[in-house]
Amino acid sequence: EDQVTQSPEALRLQEGESSSLNCSYTVSGLRGLFWYRQDPGKGPEFLFTLYSAGEEKEKERLKATLTKKESFLHITAPKPEDSATYLCAVLITSGTYKYIFGTGTRLKVLA
Amino acid sequence: GAVVSQHPSWVICKSGTSVKIECRSLDFQATTMFWYRQFPKQSLMLMATSNEGSKATYEQGVEKDKFLINHASLTLSTLTVTSAHPEDSSFYICSAHGGATGELFFGEGSRLTVL
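Chains A and B, in that order, give the protein sequences. Each step along the first sequence adds one to the number in the working numbering, with nothing skipped, and position 11 is 11. To convert, count from 1 in the second sequence and add 1000; that's the working numbering.
Next up, chain A with everything else stripped away, as it sits in the complex:
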């Protein structure tokens, strides 16, 4: 069964304390892996797309990496404004395109 699992479920960091969020997947026919940021009461905001193992993308304090089984979202020296829920999703093709979302990691960065 195609599955996407994110860990940890929740994470509290001090400002400046770097960490990583994990997105593990067990799917067939992976076409891409996506990271989103979601603030409370808002729709998800697109961050990154990764297509192949070994690929890396960076944006400000965020860096996303991809292997054949998982993806990491590294947060370097986070700030309170980085507090949000981070979602990963995979796009697979099994006859039709299908997106599978993880349950998200709720990140809280304390000043």
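Among the hints, a few may not be true.
[As the list claims (entries may be wrong)] Derived list of chain B stretches under chain A, where covered just means 3 residues or more per stretch with a C-beta under 8 Å from a C-beta of chain A:
{"#": "1", "region": "1040-1047"}
{"#": "2", "region": "1105-1113"}
[As the list claims (entries may be wrong)] Restraint-style ranges between C-beta atoms, simulated for each label pair:
{"#": "3", "chain 1": "B", "residue 1": "Lys1014", "chain 2": "A", "residue 2": "Gly95", "range": "35 to 45 Å"}
{"#": "4", "chain 1": "A", "residue 1": "Ala111", "chain 2": "B", "residue 2": "Cys1013", "range": "33 to 43 Å"}
{"#": "5", "chain 1": "B", "residue 1": "Ser1015", "chain 2": "A", "residue 2": "Thr76", "range": "44 to 54 Å"}
{"#": "6", "chain 1": "B", "residue 1": "Pro1040", "chain 2": "A", "residue 2": "Ser24", "range": "18 to 28 Å"}
Calculated from the structure, these hints are not laboratory results. Computed from a predicted structure; not experimentally measured. C-beta atoms are modelled at their ideal positions from N, C-alpha and C, and glycine is treated no differently.
Let chain A serve as the given structure and place chain B on it in line with the hints.
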């Protein structure tokens, strides 16, 4: 990135009434849009895939007569919650493909509260 606009942002209605939520792709054409429902502190639950010019494809367990989806043009999909009840209160989000690279772009979401 591509822009998806959703309206209204929030709506409060009485039990038994119907509510329509609009999802528009502002700077691109979307033959396919997706409707999600999200409960507090949970991830997105796909409700249905909206296809321009044809019937929507509903996920298992989602009542198609309860959640009517219309995708009449390449830039507009609507979700109508018919005869709404308090248990339909939720956060509804639409999304669409932004282009050839496959990423989804999301609307701002619509918070529905049924009294």
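These are the hints, each one checked on the structure:
1. Only when three residues or more bring their CB closer than 8 Å to a CB of chain A does the claim for the region 1040-1047 of chain B stand; here the count is 5, and the claim holds.
2. Here's how the region 1105-1113 of chain B fares: 6 of its residues keep a CB closer than 8 Å to some CB of chain A, so the rule of at least three is met and the hint holds.
3. Remark: the range hint 35 to 45 Å for Lys1014(B) to Gly95(A) is upheld by a beta-carbon distance near 42 Å.
4. Checked against the hint of 33 to 43 Å, the pair Ala111(A) and Cys1013(B) passes, with Cβ atoms roughly 39 Å apart.
5. Between Ser1015(B) and Thr76(A) the Cβ separation comes to about 49 Å, which falls inside the hinted range of 44 to 54 Å.
6. Between Pro1040(B) and Ser24(A) the beta carbons are some 24 Å apart, a value that agrees with the proposed interval 18 to 28 Å.
Violation of the numbered hints given earlier is absent; every hint is satisfied by the structure.
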